[in-house]
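> Residues per chain, in single letters:
Protein chains: 6
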Amino acid sequence: MNVVPLPRVLVEPIVAAALREDLGRAGDLTTDAIVPGDLSGRGTLVARSDGRIAGLDAAVLAFELLDSSLLARVHVEAGSAVVAGARLATIEGRVRALLTAERTALNFLGHLSGIATATAGIVDAIGGQGTRVADTRKTTPGLRALEKHAVRAGGGSNHRFGLDDAVLVKDNHVAAAGGVGEAVRRARAYVGHLVKVQAEVDEPSQIDDALDAGADALLLDNFSPDQLALAVKHVGGRAITEASGTITPATAPAVAASGVDLLSVGWLTHSAPTLDVALDLDG
Amino acid sequence: MNVVPLPRVLVEPIVAAALREDLGRAGDLTTDAIVPGDLSGRGTLVARSDGRIAGLDAAVLAFELLDSSLLARVHVEAGSAVVAGARLATIEGRVRALLTAERTALNFLGHLSGIATATAGIVDAIGGQGTRVADTRKTTPGLRALEKHAVRAGGGSNHRFGLDDAVLVKDNHVAAAGGVGEAVRRARAYVGHLVKVQAEVDEPSQIDDALDAGADALLLDNFSPDQLALAVKHVGGRAITEASGTITPATAPAVAASGVDLLSVGWLTHSAPTLDVALDLDG
Amino acid sequence: MNVVPLPRVLVEPIVAAALREDLGRAGDLTTDAIVPGDLSGRGTLVARSDGRIAGLDAAVLAFELLDSSLLARVHVEAGSAVVAGARLATIEGRVRALLTAERTALNFLGHLSGIATATAGIVDAIGGQGTRVADTRKTTPGLRALEKHAVRAGGGSNHRFGLDDAVLVKDNHVAAAGGVGEAVRRARAYVGHLVKVQAEVDEPSQIDDALDAGADALLLDNFSPDQLALAVKHVGGRAITEASGTITPATAPAVAASGVDLLSVGWLTHSAPTLDVALDLDG
Amino acid sequence: MNVVPLPRVLVEPIVAAALREDLGRAGDLTTDAIVPGDLSGRGTLVARSDGRIAGLDAAVLAFELLDSSLLARVHVEAGSAVVAGARLATIEGRVRALLTAERTALNFLGHLSGIATATAGIVDAIGGQGTRVADTRKTTPGLRALEKHAVRAGGGSNHRFGLDDAVLVKDNHVAAAGGVGEAVRRARAYVGHLVKVQAEVDEPSQIDDALDAGADALLLDNFSPDQLALAVKHVGGRAITEASGTITPATAPAVAASGVDLLSVGWLTHSAPTLDVALDLDG
Amino acid sequence: MNVVPLPRVLVEPIVAAALREDLGRAGDLTTDAIVPGDLSGRGTLVARSDGRIAGLDAAVLAFELLDSSLLARVHVEAGSAVVAGARLATIEGRVRALLTAERTALNFLGHLSGIATATAGIVDAIGGQGTRVADTRKTTPGLRALEKHAVRAGGGSNHRFGLDDAVLVKDNHVAAAGGVGEAVRRARAYVGHLVKVQAEVDEPSQIDDALDAGADALLLDNFSPDQLALAVKHVGGRAITEASGTITPATAPAVAASGVDLLSVGWLTHSAPTLDVALDLDG
Amino acid sequence: MNVVPLPRVLVEPIVAAALREDLGRAGDLTTDAIVPGDLSGRGTLVARSDGRIAGLDAAVLAFELLDSSLLARVHVEAGSAVVAGARLATIEGRVRALLTAERTALNFLGHLSGIATATAGIVDAIGGQGTRVADTRKTTPGLRALEKHAVRAGGGSNHRFGLDDAVLVKDNHVAAAGGVGEAVRRARAYVGHLVKVQAEVDEPSQIDDALDAGADALLLDNFSPDQLALAVKHVGGRAITEASGTITPATAPAVAASGVDLLSVGWLTHSAPTLDVALDLDG
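Residue numbers (the working numbering), protein chains in the order written: chain A, 1 to 283; chain B, 1001 to 1283; chain C, 2001 to 2283; chain D, 3001 to 3283; chain E, 4001 to 4283; chain F, 5001 to 5283.
Okay, chain A solo, but in the shape it has when bound:
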């Protein structure tokens, strides 16, 4: 699995803002009051459940931004499958800094590993059928780049990152244009040559209309597995096919069996539970 880290220049402002959100105006009252400033120790980020890891870069950065004298070693790569108890990274230095940055680091690590784990769960469920699992734009405000990176870490594939890097014609666009074909034609004429056009179709009769107008991909929304299989056959490779509509780990295998190229799963980023992670400290 090849999951390249996001550039630090993108991640650092988000992590610094999260630290400031937790530090408030006076910093960590508890730790400052109780822990001696010269006490050194070692903290280990560990998984408390089985899962896939994402967000470890951000977690480590939280420690480094709080105290640049901390030394971190990372033990697993983004996208690694781990079991409960696995040691993910070790950070050494002032105990005060370890305790103060702990929660911010864990919030990134747990949230993003939760997304990676959820993604891997669906990827594994559909097994070797050749269907990829894609995310949506239903992400947490402010964290889209990190959450979509976590989807990649879980073995998933990214749908568009925003409103500006691909066209997705939806029902309201179709209504405004008077038909999916006309909508696709308008989009094709408007956008640059490196922008793909995907059209959502709600019923099989729209497929040819969309393809004739030049759609690169179809979003088959709320089709049953049988309808999907028929649609995939009808498309016959003329466009990429993607299924959407409340797909869960339980329903994913049947949907994938239809032969669609991708499943689109909003749940990965809007409802995946956190992965249980912790910082173990030994003085």
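Hints listed in this document are in silico derivations from the structure and should not be mistaken for laboratory results. Just so you know, not all the hints are guaranteed correct.
To be verified - Restraint-style ranges between C-beta atoms, simulated for each label pair:
1. G4085(E) / P5249(F): 24 to 30 angstroms
2. N222(A) / R3048(D): 53 to 59 angstroms
3. P5005(F) / R1042(B): 52 to 58 angstroms
Said to hold, decoys possible - Some chain F residues judged to face chain D by a derived CB distance under 10 angstroms, without partners named:
4. L5019
5. D5028
6. A5033
7. L5066
8. D5067
9. H5075
10. V5076
As the list claims (entries may be wrong) - Not everything, but these chain B residues come out facing chain C in the computed CB check (under 8 angstroms):
11. I1014
12. R1020
13. G1027
14. G1037
15. L1039
16. G1041
17. L1066
Source: prediction; values computed, not measured. The C-beta atom is built at its ideal place from N, Cα and C for all residues, glycine as well.
On the provided structure of chain A, position chains B, C, D, E and F as indicated by the hints.
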């Protein structure tokens, strides 16, 4: 339920950043290509499931920041219980703007209403036992103020907002100080007179030590319901009692029956699923 | 020509920063000292040369951000062809505000209209041959969204907006992969299904290799018009063809005659001269 | 030539923003997909045309901000005259980082060196006549400090940096005051003792009026060379004299021969073409 | 006294940041808990001591940024002398908003009026001797523009605003150059034609050296009144003269009697006490 | 005295903004013109008066942010009492950088040490009576965290940091609620369990009402020392007692003799004069 809206000066930077995250560098290619600029219409934010509403201010603000000529009417207050199909707000104006801001608005509304709904679920589960449900600092980076507001909208109560507005003595602090009493004493001496001190205790034997040192509140971590009941009796009103440790809707009633003042539930903000919400458009 | 304005939420931070850059720490000393605060007047943004207009939204916003009581009327749309003397917009209100915002407004308007004019110059030069004129990422730091919008206003087409919305395999990537086909294959496997892959080819022998690997588009770099014509014929519609390499208004018609789909012209955004614009004031 | 670098604390936010503008939400898809993460190499920034160098600090900073492990050596100073092929700086380290930061670095280097080269062109054209070449406030929004630094690197001199560091009385101010003398008097009375006052005069008759009121400098706008020579003689050293009005490399020598102290050339910052620069990579 | 307000685009970010600093993450707990949301009232900003007013724009903006439905009327202009009890501005609307913004508004108003009052105190003390009172760069971090505006409101004059808008040669520069004359010559050769050069001289023997090198102004540091009078006479109008060195209201008249053009008083911005101001509320 | 430094992630944005405020758009013209770029030296931050030190971290950071190659050694801790002439920190490296950052560094150091010194003055004045000295929210906009840290450095105690970390019921809240008891009850019901509630009482008759409603602390406003003594006796340890109302070093001992727990002194942060500090340079 009295849930005062957050001041716009706090919410606007977060919503504006979310819009920019979605608009990228070129804006909404699809809508710009397909929907005529002078087409007007009305969008209605609706709930697709039963739940509690939070984040409606942020959702409406997404529309207003995108296009200040849109007119919004809000139909329900923060904290309202709604049923599937309920109309939450209506926004009228340029259809382009309605479609472009839609996803950003829904991401706030769904995420925050999901938290409010999860909170209300636990509050309702424990019924009229007088125990309050509190959140934690396990929030999504960048959204703490909004998420804790959503907890209030769900009928919950806020634990501290960060490291600086209250003291929470945890196991590592106790270890550094050589005992919970000493840790509490150090904290009490260090902080201002308007800062409360809470101490986590992992076993009953620490309770008197913490109370003698002046703890205002105790966090009883991973106590069984029976242990909790004994602890509450032992404390006898000398401090606020709060139970923590993987509390779920299923286990909450039994925990609450112990008589503790609060249940602390990290799950509210780190793992609550989104509430299903949508924008219905009629031209 | 359909050139949709950029959302204000994207443009406002750039214009506000430009105003602050000019106002410094003390504001407009000259105007504050000399012009009475209650003097009202009307300023008219005018073109002093023939050209295409872009950036008028940003220019008007400069006035509005400086003084929200100013009233602006815009007389031409983005992308309009105008002749010297044309009135572009009228702003009425306090003369102090008109004079203080003048230079910031003109800097946006002149720079972006210069780009639109340069683009239109090449578009017009190649006439009705069906070849589109595309920009590059050789833009002025901080202004990419505005400059690429200006290219659209000039009748041009946008190449990718950044490193993340399309793949462009260049010579160094080919070298690292050991061949253009392998490079394209790696890219195709890595990116999401809505990302197009374009490959730069420096010699005809690479074309089939790139196409076989699934390239959506080819960038034919530094091909002579004759080589381009042969390449276009060889590609035969299997991919989009784009010519690059120091294309100027003088050479563009001959290059376009080769039948390539697009010409890529860095000069549009890195070297186009400003359009001469001014603010005429009448008290 | 003494051209002191701008402090990094001023330049870094601009370069970081430019990197983020290019990286978008997903980073460099092409390089991440194709180039191995552990591949090291050396990139050399080179000039492809003769010119004057500016912006090399910003260019190198783009590499360093992307990847702090890159090692850079700078071979020429700001303001150096170079010939096509000259090596400007060498950066060693991860090839991925070299390729990802390349375009941002080149955009700064080419744009700012273009300004320095244009400035030097006019400076050289007027030769040893003692007349200095000055810029204007017609700069690119967001880049004024860098562009004015580039003018210095080209041997030019800076006019004021904004509305707040000097007074420039222009025609509209004269009209509001009822005369250039009154306008200068108002300005002189209003500003602090370290602020110079320059007055634009459109005809010789205004000169004495401005000087009597205490103008430190005159901007002789659209005077012919003969009129300029007469004006300079008339001023007789009582104020600094500056000529403005569409001065180009072709017309500059004749204007300078009039004996004015400075030529003001907006073209340096609003229309100078980029200098052709590149990054040569060897593995 | 002509004191033009600072542009809102400069002031708003400072006031918004101050509001956010006070609101923290949860807003005004006290007011939200106690005051009904629909309670309207009127608040009046009043002076509790005699003084000069500055910062009223910022104070009113604090209310408006918190709640755009508040209506404000301003009763006095910046720079007005007021007596204890004077009504400065009235704000009407939701009582919650009035109470929440109160402290932020008062902090700006009291601090800046304190500076204006201190300035006016020295200006009045030296009476009609023709000597102006100037500030320094010893300002509160982040508030320089506002504090220097307050000095103008108090009848004072601004020294330079930063390191970049004028030259001030001080003792360490003289030491590095080997003499004040050489230091002034280097500065004169380096800077643009609209930048004034002031030289600090610590003893009379340096005066001619500085003037011969072209200094526009002299800063006579720690001269006795008699030494100042001699120095002023010696300069004889060849440069602006400014006295500095722990000047207080008590010592100012004697210093001014020396005939220097300006007194430089750091105390205005680094140590002036706040003016006592309050918000009176009537329901 | 245990005064833990604020995390750098909180302080750095404030110091960087202050540097940019002073550098403007062109940097330090004087130093750049006069001081050779390769001249090295050593600067020593020294106190010129007796006092308490605060803000040394921020001062040193100003040097480091300007030039990361400077080497700093800090000689005294925050909160140290020093005498005139004391050496506080030494910074070695390029003289240019030392001179350019000097004023920004001194502005932080002088302002914050002034607050610490003022605080210590009152703490010392009231001697060993057991009464603590507390600050208020009357702080300089943008500097609250630093100023409250300086109060701690002076031996003082912090009142709340903002509107959101504690409740302070004031006269207008009492009026809105119809009584101090009702106001306290509303607050107690509204806020989380870790938020303390303090009530301002203007006359003794309100005390029991506030205590019965559950106030944790009382703010006894404008009570005479005798009234205070009676009130303290009446409260009898049921709540923390704090006296407020124009307390100065002169009046503080008498107020403290009343036995109140705290004195609240707004003067510490809104009117304390700067401590005289300087940078001594030796080449």
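> State for each hint whether it applies.
Now for the hints, and whether the structure bears them out:
1. Taking the beta carbon of each, G4085(E) and P5249(F) are about 28 angstroms apart, inside 24 to 30 angstroms as hinted.
2. At about 56 angstroms, the CB distance of N222(A) to R3048(D) agrees with the hint of 53 to 59 angstroms.
3. For the pair P5005(F) and R1042(B), the beta carbons lie near 55 angstroms from each other, so the given range of 52 to 58 angstroms is met.
4. Look at L5019(F): its Cβ gets to within about 5 angstroms of chain D, closer than 10 angstroms, so that hint holds up.
5. Taking 10 angstroms as the C-beta cut-off, the interface hint given for D5028(F) holds, the closest approach to chain D being about 8 angstroms.
6. A least Cβ separation of about 8 angstroms between A5033(F) and chain D falls short of the 10 angstroms threshold, and the interface hint therefore holds.
7. Nearest Cβ of chain D to the Cβ of L5066(F): about 6 angstroms, under the 10 angstroms cut. The hint holds.
8. Evaluation of the D5067(F) hint against chain D yields a held restraint, the C-beta minimum of about 8 angstroms falling below 10 angstroms.
9. Evaluation of the H5075(F) hint against chain D yields a violated restraint, the C-beta minimum of about 25 angstroms exceeding 10 angstroms.
10. A hinted interface residue such as V5076(F) counts as satisfied when its beta carbon comes closer than 10 angstroms to some beta carbon of chain D; here the least separation is about 26 angstroms, so the hint is violated.
11. A distance limit of 8 angstroms between C-beta atoms decides the matter here; for I1014(B) the minimum to chain C is near 13 angstroms, and the interface restraint is violated.
12. Checking R1020(B) against chain C by beta carbon gives a least distance of about 6 angstroms; that is within 8 angstroms, so the hint holds.
13. A cut of 8 angstroms between beta carbons decides the hint on G1027(B): the least distance to chain C is about 5 angstroms, and the hint holds.
14. At a threshold of 8 angstroms, the smallest CB-CB gap from G1037(B) to chain C is about 7 angstroms, leaving the interface hint in force.
15. Restraint check, L1039(B) versus chain C: the minimum CB separation of about 13 angstroms is more than 8 angstroms; hint violated.
16. Annotation: G1041(B) was flagged as interfacial toward chain C, and the flag is violated, the nearest CB pair being 17 angstroms apart, outside 8 angstroms.
17. For L1066(B), the interface hint holds, the least distance from its beta-carbon to any beta-carbon of chain C being 6 angstroms, beneath 8 angstroms.
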